[in-house]
Structures are given as C-alpha cells and as structure tokens.
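Asker: One letter stands for each residue in the lines below.
Protein chains: 2
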Amino acid sequence: IGHLDSEFIKIMDEAQAMLRMLYQTENRMTIPISGTGSSGMETLVANLINPQDKVIVVKNGVFGGRIADTVSRFGAEVISIDLEWGTVVTPEQIRKAFSRNRYHALFLVQAETSTGAHQQHMREIGEIVHQNGALFLVDAVTSLGGTEVKIDEWGIDAAYSGTQKCLSVPPGLSPITLNEKAMQKLRARKARSWYFDLGMIEQYWNEGNQRKYHHTAPINMIYALHEGLRLVLQEGLHARFQRHRRNAAALQPGLEALGFTYLVKKQNERLPMLHAVYLPDGLEEGKLRQNIRARYNIEIGGGLGEFSGKAWRIGLMGHSSTKDKVGRLLNSIGEELKKHGIIDDATIGFQAAQTIYQNSES
Amino acid sequence: IGHLDSEFIKIMDEAQAMLRMLYQTENRMTIPISGTGSSGMETLVANLINPQDKVIVVKNGVFGGRIADTVSRFGAEVISIDLEWGTVVTPEQIRKAFSRNRYHALFLVQAETSTGAHQQHMREIGEIVHQNGALFLVDAVTSLGGTEVKIDEWGIDAAYSGTQKCLSVPPGLSPITLNEKAMQKLRARKARSWYFDLGMIEQYWNEGNQRKYHHTAPINMIYALHEGLRLVLQEGLHARFQRHRRNAAALQPGLEALGFTYLVKKQNERLPMLHAVYLPDGLEEGKLRQNIRARYNIEIGGGLGEFSGKAWRIGLMGHSSTKDKVGRLLNSIGEELKKHGIIDDATIGFQAAQTIYQNSES
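For the protein sequence lines, the chains are A and B, in the order given. Those letters in the first sequence? Residues 1 to 362, per full-length UniProt numbering, in order. Those letters in the second sequence? Residues 1 to 362, per full-length UniProt numbering, in order.
Warning: the hint list may mix true and false statements.
As the list makes no split between identical chains, a pair holds if one copy fits it or if it spans any two.
Dumping the calculated DMTMM-like pairs for lysine to aspartate or glutamate here, alpha-carbon to alpha-carbon at most 25 Å [unchecked claim]:
#1 LYS190 to ASP69
#2 LYS265 to ASP152
#3 LYS212 to GLU284
#4 LYS96 to GLU7
#5 LYS266 to GLU26
#6 LYS287 to GLU7
#7 LYS54 to GLU299
#8 LYS325 to ASP82
#9 LYS339 to GLU285
#10 LYS181 to GLU256
#11 LYS310 to ASP5
#12 LYS190 to ASP53
#13 LYS287 to ASP5
#14 LYS150 to GLU284
#15 LYS190 to GLU77
#16 LYS185 to ASP69
#17 LYS212 to GLU335
#18 LYS185 to GLU84
#19 LYS190 to GLU306
#20 LYS190 to ASP345
#21 LYS265 to GLU124
#22 LYS325 to GLU7
#23 LYS96 to GLU269
In case anyone wonders, no lab produced these hints; they're calculated from the structure. It should be emphasised that the depicted structure is a prediction, and the values quoted were computed from it without experimental measurement.
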C-alpha cells in the first residue's frame with residue numbers, strides 16, 4: 001500500500017504516539033525524518049537557525065564538531081565551548097558563555113558516541129538557556145531508548161535521534177521532536193532546504209487531518225520503526241533503562257580487569273550504551289578487532305576522530321544490551337589477550353562482571 | 001555487519017557498478033543518496049548551485065515546480081520555462097531561453113510523474129546547454145530502469161532517481177550520478193548542506209580505497225537496492241524497456257475504449273510507466289479509486305497539483321508492468337464503469353488491449 005493510504009496513515013499515527021512516549025513529551029511535532037540520524041541534525045539547523053544567528057555549540061567529541069560544521073554551513077556564527085574529549089559541559093561553563101553576548105541557541109550532544117560521555121545536568125542547562133532567551137537543541141541519537149530523554153521536563157526545544165542505536169531498528173530514519181516555541185521560530189520564515197522543510201513535512205504527518213504529499217515516505221523503514229518502538233514500550237522505559245545500566249555496570253569492571261581504561265574518567269559521566277576504552281599496551285587495535293569479529297562473531301567499533309586507531313567503542317545498545325553478550329564479549333577478549341601474553345587467565349574479565357551480576361541479584 | 005565492514009563494502013561496490021550500467025555512464029561518482037528521490041534533487045542543488053547563480057528550470061508539472069522552489073531556497077535565481085502541463089519542452093524553446101543571458105545550469109524532468117509527459121530530444125537539448133556553457137541537470141526519478149537514461153551519450157552532467165519507481169525497490173534511496181565537470185564545480189566550494197555534502201560522501205563511497213565515515217549508511221536499503229539492480233540487469237535493459245513499452249501500448253487503447261482521455265495529448269510524448277488520464281464524465285474519482293482498491297486490490301494514484309481530484313495516475317512500473325496487470329486493471333475498471341451505467345460491456349477495455357497484444361505477438 002502507498003504512503004498516502006489510510007492503513008499506512010494509521011501506522012504513522014501510532015509511530016508518532018509511541019515516539020512521544022520515548023521522548024517523554026507532549027510535542028505534536030514528533031516525527032521521523034526520512035534520512036539517517038544526521039539528517040535530523042540538518043533538519044533542526046535548516047529550520048531553526050537563521051543566517052547571522054549566534055549559536056553556542058558544545059564541542060566534546062566528533063558529533064559536537066559535526067553540529068558546528070553544519071551550523072556554519074547555513075551561515076550562522078558558531079561560538080564553541082571546546083572541551084577535552086571524554087568530558088561533558090558544566091552548567092557553570094554554559095552560564096559563563098551566555099554572560100558574554102546574546103545567543104539564539106545552544107546545541108549539545110546528550111550521548112557523545114565518539115567518547116562515551118554522558119551529558120549531565122540537563123534540566124539545569126535547560127533553565128540557563130531559557131533564562132537567556134535561547135533555544136535548547138539536543139542530539140539524542142545514542143540516548144533515545146537507552147537512557148532518560150525528558151524533553152518536556154528538561155525544557156529541550158528540539159531534539160533528534162537515530163533508529164539504529166538503542167531502538168534496534170535498521171538505520172534510515174531520524175526521529176525528531178520540536179515544541180511550540182521551536183515551531184514558531186520555524187514558521188517565521190522559509191526553511192533553507194526543501195527536503196527537510198518541516199512546514200511542509202508537517203502537512204504530511206497531519207494527525208487526524210487531510211495529508212498533503214511532500215515526498216514519498218520510506219514506508220518500509222516506518223514499519224520497522226513502528227515495530228521497534230512497540231518492543232521498547234512493551235519492555236517499558238524504566239525496565240529498559242535499568243537493563244542498560246545493569247549490563248554497563250557489569251561490563252565496566254570486566255573491561256578494567258582485562259587492562260582497558262575508559263576515555264571518560266569520571267564514572268558517573270559514562271554512558272551505559274557505549275563504552276569507549278583504550279586498549280592494554282602492546283596490542284594492534286585493528287587486527288585484534290578483526291580477529292574478534294572473525295572468531296567470535298562480535299563486532300566492535302573503532303575509535304572516531306582523534307581516537308581513530310587508539311581506542312575501541314563497544315556498543316551495548318537496545319536488544320544487544322544483555323548479560324549473555326557482556327559475558328561472551330569479555331570471554332572473547334580474554335582469550336585473545338591471553339594468546340598475546342597480556343594476561344594469564346582468560347576469564348578474569350568475565351569473573352569481574354559475574355561478581356557484579358551476582359551482587360545485584362542478591 | 002556494520003556500514004564500514006569489508007563485506008558490506010563489497011555490496012556497495014557492486015551496487016555502484018550496477019547503477020552505472022542503468023545510467024549508461026562511466027561516471028565514478030554514481031551512488032545512492034541516503035534519502036528518498038527528492039533528496040537527490042536537493043543534493044544536486046546544494047552541491048552544484050551557488051547563490052546568485054542563474055538557473056533555467058523547465059516547469060511542466062509538479063516536479064519542475066519543486067526543483068524551482070529548491071533552487072530558489074538555496075539563493076539562486078530561477079528562470080522558468082513555463083509550459084502547459086502535459087507538454088514537454090522543445091529544443092527551440094531552450095535555445096531561445098539561452099539567447100537572453102548567460103545561465104549556469106538547466107534543470108528538467110525527464111519523466112514528469114504528475115502528467116505522464118516524457119521529455120524528448122534529450123541529446124539535442126544537452127548540446128544546446130553545453131554550447132551555452134551551462135550544466136545539464138536531469139530528474140530521472142521515474143525514468144531510470146523503465147526507459148532509456150543515457151547519461152554519457154546525452155551529455156547529462158548530473159542526474160538523480162528514486163528506488164520505488166521502475167527499480168521496484170522500497171522508497172528510501174536516491175541514486176545519483178555526476179560527471180567530472182559537475183564534480184569540479186562542487187569541489188570549488190563547500191556544499192551548503194552537511195548531510196548531502198558530496199565531497200565528504202565521496203570519501204565513504206571510495207571504491208577500492210580507504211573509506212571514511214560520514215553518516216551511517218541505511219544498510220538495509222542498500223541491500224534492497226543491490227537486489228533490485230541485480231534483477232533489472234538479469235532481465236536486461238533492452239528487454240525491460242521493451243516490456244514497459246509493450247504493456248503501455250496495450251493499456252492505452254484499453255483506457256481510451258473505456259472513455260478515459262490522456263493528459264498528454266501527443267502520443268509520442270507519453271511515458272510507458274505512468275498513465276495520467278481524465279475520467280469519463282459522471283464519476284467521482286476518489287470514490288471509484290477506493291472501490292477499485294477495496295474490491296480488486298489495485299492501487300491507483302490520484303492527480304497531483306492542478307490535477308488533484310480531476311485525474312488518475314496509473315503506474316506500470318518495474319515488476320508491475322505486466323500483461324496480467326494490464327488485463328486485471330482494465331477488467332476491474334470496466335466492471336465499475338458498468339455498475340455506474342457508463343458503459344454496457346465491461347470487457348471493452350480489456351478487448352482493446354488484447355488486440356494490441358495479439359498483433360504484437362503475431
């Protein structure tokens with residue numbers, strides 16, 4: 001059936017309603033954009049940033065840098081808060097940045113996938129941004145469905161995510177949400193994009209009303225998103241976030257027992273779904289990653305940006321955040337490290353994780 | 001497996017090679033953009049059109065209008081050739097347009113899906129555009145895989161298509177192709193889009209070389225495209241185009257026998273894959289379309305733009321261009337028209353089509 005068929009529209013309405021639950025928002029404009037995660041970023045910029053706007057961008061990893069690049073391509077001025085990679089911004093730093101001038105928006109990444117850093121104090125940051133009359137824009141690509149994203153409570157004016165992270169759906173859509181304040185800003189002018197023009201796209205995702213064709217929706221991806229969201233809500237947000245935290249809490253001492261060290265120094269600023277770690281000395285990271293993929297069928301991400309070739313990014317996202325996967329991963333790495341003579345006992349990582357699981361179950 | 005895995009990269013390379021065969025081009029830069037058909041349009045504009053450029057856009061339907069809108073959003077000046085819907089532009093009209101000024105590009109739609117008009121004289125138009133030092137940019141959304149698209153022979157500098165038309169793949173990718181002249185123009189500056197920046201995307205689709213991550217590719221869609229292209233080439237381009245022409249040649253007198261009239265008056269300017277027709281008098285088009293969908297499981301498109309509510313758009317694309325489907329469609333419409341007392345014999349459309357099939361087989 002086609003992308004304007006009434007049966008398909010029912011699927012769209014349901015997907016929208018479920019997305020609102022995940023984003024913990026009442027925002028009417030909560031829809032998937034027809035592109036991968038970064039297309040949501042570009043949608044926010046094309047619709048909400050005017051040329052000559054001054055935009056504060058927190059840069060603490062690859063994705064903050066990408067936002068800054070996009071904002072400046074659309075003709076706005078970027079004021080960077082440049083941080084050491086692996087750290088997050090403090091409310092104090094944001095307050096200080098706003099003290100210097102008037103800015104139109106603040107853009108930050110909640111879960112920086114390149115470093116595993118988890119932005120804290122979101123509510124407080126939201127308050128500072130609003131006191132200064134700016135829009136609070138958030139990259140929730142890796143956080144949505146894996147940890148709290150409280151759009152309304154935190155005062156986030158607009159956010160975007162991806163489907164292939166904690167929703168466990170193939171890549172290809174970017175769920176976004178905008179509140180009325182953001183919608184008013186975008187309605188004041190024509191978007192500097194046709195494909196991402198939310199004023200027109202809104203008329204296609206027009207709940208309960210006549211739908212107006214904009215572009216052909218990637219319908220198969222919307223079916224997949226619908227099913228992914230259904231599974232998230234079936235598990236329940238609370239249970240899902242707890243599961244992510246529990247498995248992260250077990251993986252962490254396991255990796256440390258094997259000699260890995262986290263890029264993010266402060267434990268409370270580490271993401272539960274993405275573990276970015278330096279390897280023990282004396283290992284060629286690319287070769288080791290390939291061996292683990294070939295021998296144990298486990299795929300590990302390489303470092304991004306300045307960590308390329310220096311670190312690993314281990315995902316424990318959505319359906320793959322399980323006790324079984326944590327165990328298999330630690331045992332596989334243990335076997336390889338033993339072969340390289342780095343450790344004597346291949347099971348020490350696994351044992352460290354088991355201890356955590358046993359304690360949390362008792 | 002991930003979007004940077006060597007096994008996936010093999011699929012990418014094969015998809016690229018097959019796309020070149022469909023586009024009949026040697027262009028290295030022949031790749032699918034991560035969005036639906038219109039995202040290819042936006043990619044060409046964001047990468048090839050500078051602000052203050054003067055761009056001639058042929059407007060003979062919805063999609064020409066969309067191109068003009070996009071070009072102007074990116075700050076360029078649009079010079080329209082406004083034509084009656086259902087007609088195509090002549091080389092003489094293009095020559096005349098170029099006589100007035102210097103222009104940077106000419107943009108036209110090869111297969112205008114809103115009217116069923118098939119642009120003719122592509123090679124001659126390409127020559128005129130190049131004599132005037134401009135880029136020749138073509139929308140091949142509905143044409144690719146259903147009728148000839150000869151990028152190199154016709155001198156097309158850049159083109160885009162979609163997957164859900166004659167490739168019979170779900171919507172979600174936009175295959176594009178750019179020649180060296182177009183690549184030189186885009187390399188001269190930074191694209192006014194991050195998501196569609198071909199300079200960066202090129203480094204991900206970097207045949208035979210190191211791949212650089214840009215955005216996570218919609219891998220499931222690329223698998224689907226790969227399979228769709230494989231099936232097109234298995235059938236063979238010549239056989240496939242002939243099949244489209246044969247079934248169109250049979251549907252046409254069938255629809256006319258039932259009292260339908262084509263929007264495109266000149267028979268040689270009608271597309272084989274899209275039949276846009278006015279209904280016989282005394283029928284409510286929406287209701288009739290719904291009945292045919294509910295009773296016979298056949299989906300017909302409504303009119304677009306100025307033909308909304310006034311005409312039908314019947315697709316005979318890719319796998320659905322078959323003799324069986326032509327017959328079922330004409331019989332279904334015939335039944336419904338008989339119920340409404342518009343015709344006495346429900347089979348007259350079918351019979352007219354049969355006559356054509358019999359003659360072409362003898």
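Asker: Indicate which option fits the pair LYS266, GLU26 if close means a Cα-Cα distance not exceeding 25 Å: within, between, both or neither.
Answerer: Answer is neither; intra-copy 33 Å and inter-copy 53 Å both fail.
Asker: Reference check for the pair LYS190 and GLU77, CA-CA at most 25 Å: within, between, both, or neither?
Answerer: Cα proximity of LYS190 and GLU77: in one copy and across copies (19 Å, 16 Å).
Asker: Taking 25 Å as the upper bound on the Cα-Cα distance, should LYS325 and GLU7 be classified as within, between, both, or neither?
Answerer: Classified as between; 23 Å across copies, 38 Å inside a copy.
Asker: How do LYS190 and ASP53 come out at 25 Å by Cα distance, when the copy is not named: within, between, both, or neither?
Answerer: Intra 15 Å, inter 19 Å, cutoff 25 Å: intra and inter.
Asker: Within, between, both or neither: how does the pair LYS185, ASP69 come out at a Cα-Cα threshold of 25 Å?
Answerer: both (21 Å within a copy, 21 Å between copies)
Asker: At most 25 Å between CA atoms: does that hold for LYS190 and GLU306 within a copy, between copies, both, or neither?
Answerer: between (37 Å within a copy, 23 Å between copies)
Asker: First find the shortest C-alpha distance between LYS339 and GLU285 inside one copy, then the shortest across copies, and answer within, between, both or neither for a cut-off of 25 Å.
Answerer: within (15 Å within a copy, 72 Å between copies)
Asker: Is the C-alpha distance from LYS190 to ASP345 at most 25 Å within one copy, between copies, in both cases, or in neither?
Answerer: Answer is neither; intra-copy 63 Å and inter-copy 53 Å both fail.
Asker: At most 25 Å between alpha carbons: which applies to LYS54 and GLU299, within, between, both or neither?
Answerer: For LYS54 and GLU299, the Cα distance exceeds 25 Å both inside one copy (40 Å) and across copies (49 Å).
Asker: Reference check for the pair LYS310 and ASP5, CA-CA at most 25 Å: within, between, both, or neither?
Answerer: between (50 Å within a copy, 18 Å between copies)
Asker: When Cα atoms must be at most 25 Å apart, do LYS212 and GLU335 count as within-copy, between-copy, both, or neither?
Answerer: neither (57 Å within a copy, 30 Å between copies)
Asker: Can you tell me if LYS265 and ASP152 fall within 25 Å by alpha carbon in one copy, between copies, both or neither?
Answerer: Answer is neither: 30 Å inside a copy and 56 Å across each miss the 25 Å cutoff.
Checked against the numbered hints given earlier, this structure breaks hints 2, 4, 5, 7, 8, 10, 14, 17, 18 and 20; the rest are met.
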